[in-house]
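Undergrad: Each chain, written out:
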Amino acid sequence: MTDLALGRSAADRERYLRLLQNYGVYAGVAVLLLLNIALTPHFLSAENFRTQAVQVAPVLIVALGMALAIGSEGVDLSVGSVMALSTSLLSLYLGYGTWIALIVAVIGGAAIGIANGSLIAFIGVQPIVATLALMVAGRGLALVLLPQLKDVRDPTMASLGSGDVLGIPYLALIAAALALLVAFVVRRTTFGRQLLAIGDSRPAARLAGLPVRRVLILVYVCSGALAAIAGVLATARLTASDPTSLGNLMELSAITAVVVGGTPLSGGRVRIGGTVAGAVLIQLLTATLIKHDLPPSWTQIAQAVVIVLAVYAARERGKR
Amino acid sequence: MKKPEDEPTGASRSERVSALAQQHGALVTLVVAVIVASLSFDTFLTGDNLENMAVSSAFLAVVALGMTFVIITGGIDLSVGSLFALGGVLAAWGSQYGTAVALLLPLAVCGLIGLVNGLLIARSRLAPFIVTLAAMLGARGILLSITDEGSKTYLVDKDSFFATLGQGKVLGIGAPVWITLALFVAGAVVLRRSRFGQYVYAVGGNEDAAALMGAPVARTKVTVYTLSGLCAGLAGALNAAWLVSGVTILGSGMELEAISAVVIGGTLLTGGFGFISGSLVGVLLLKVIQNVINQIGSLDSAYQQVVSGAFLALVVIAQTWLGRRRRVL
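Taken in order, these protein sequences are the chains called A and B.
Each residue of the first sequence is one higher than the one before, starting from 1 at the first, in my numbering.
Each residue of the second sequence is one higher than the one before, starting from 1001 at the first, in my numbering.
Misleading hints may appear alongside valid ones.
[What the hints assert, rightly or not] FRET-style restraints, in silico, Cβ to Cβ:
id	chain 1	residue 1	chain 2	residue 2	range
1	A	Arg214	B	Val1032	47 to 57 Å
2	A	Thr189	B	Arg1125	28 to 38 Å
3	B	Ser1014	A	Thr239	52 to 62 Å
[To be verified] Here are a few chain B residues that face chain A, going by a calculated C-beta distance under 10 Å:
id	residue
4	Ser1145
5	Val1177
6	Ala1215
7	Ala1302
Because the hints were derived from the structure by calculation, they are not lab data.
Computed from a predicted model, the values in this text were never measured in an experiment.
Even for Gly, the Cβ is constructed at its ideal location relative to N, Cα and C.
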């Protein structure tokens, strides 16, 4: 159905919907900011902005990997468990030095990514099911390695979690750097273009001779590694490894950030700027509800409503 | 749209073997697992252990029953774990006003959430996993907000009729087992003998073709998600009757168990093919494996998660392989 076949007003409506999908998230962030400035006491303080930035960093980093998975017409439900696994590995290997522990933690996340990617690329298992299996197994593995909460007493980790440059926390800087990196990868690299082509149409990508399997595996490796980095940073912020609850429901927050940010679930497009704004939107929503003494359960309900609204707004803009 | 009796008679031998493995592999595995377990553990074949396994299987089985319908249409329902917990808490709260309220309240609320899932998926064409993921989050939020963020537990009066639905016994077998068996017989009849059942297979086989043949695609989808919500709510209510309380922390990970059971039972995740009895076998197989892991004792719950995740991956690999074999040959 081309635009010619639609009436003038239908074409206009389509354009508004597209604008809403692409830029609605920025408007949402602006509205929440204004509301908070007007209604929340002590909102406009450097301290508060630092807190919000530190809290949003892990969600944002996980969402970057999720955006890649969704761009390839997949999804990664194992990210929360990968965070738990990385925090367990980190605690286990801290004795060998901080950097070795960090590297082992990220490699662990990448390994889960290889398992996800292999199931999807070689066996042809649907991404939801493959990553669901790794979500359960990964959490189990994390708990096998580290059965309960353990304090992390490590000076490097402590400064990573609470240090800053010119008043900007390390965590926020790392998240911003990773967002720029992922945006560059999506827009400027061959891998990025191949990923979008595969998300657009896998049969077409295969016929065009793209290395579909290799790209898919790499997508889930990126997602796993990014989730592991998020797990490490969350551990640094909390100064404790908690494999039982770290990353719980993280897959939902990440998917929400990506979808609210205008990346269609049908693949073929990735909007990193929107994903960043989406993560900020969720963080602001949560902070607003908590600051106004609404119970945490309301956050879950609000987030559920936001997911459905965002997907609903995007529904007519699937693949053509 | 392949039901077993629709198998083409001219199918080659290896194609038939693949089909047989897909349909009855779970049953064979179950029989082997039971034989191995009863030879390895004296405690396995005792009446108490069997009764305990049967009752604890019953609740998961009811959830898997609804999930089977959803998966045959090519969809998925990730909200069942939250709805199971929500149903249990609502039933326990409602039981103070009598058995009717204790049963109808969870059915109404969980059925309504299932209906909304179905409407969003069928009418607005949203992806099933994202809609039911949102419902999973939302239902858990509702559950937490009606229980003081999970701190309040509602108890069921032990002497009420509602409690006997969970605790009572008929011919020495727990009431939940009988209720579950009755539901499975009804579900199998509906799926195999009713027009709605044919639509379920048709929608999962090829949605466009089903629509062209005049099958009410949207209505069928709305019905299966409503059915899945109702089953999860009912399972939660029966579980609350059995535990004589509404426990708020139940049900997490249950969607995975239910999906595993359905897939192990031979239903294809791609839709269009599957059977009710297979899901029952799948549930029993999962519970026997869990029971064996518990009997070994040294394996803690973390290892159980590793094993069940790996097991699901293996079964899905096998199913994908068998399915591909049948198509190619």
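Undergrad: Hints the structure violates: just list their numbers, smallest first.
TA: Numbers 1, 5, 6, in rising order.
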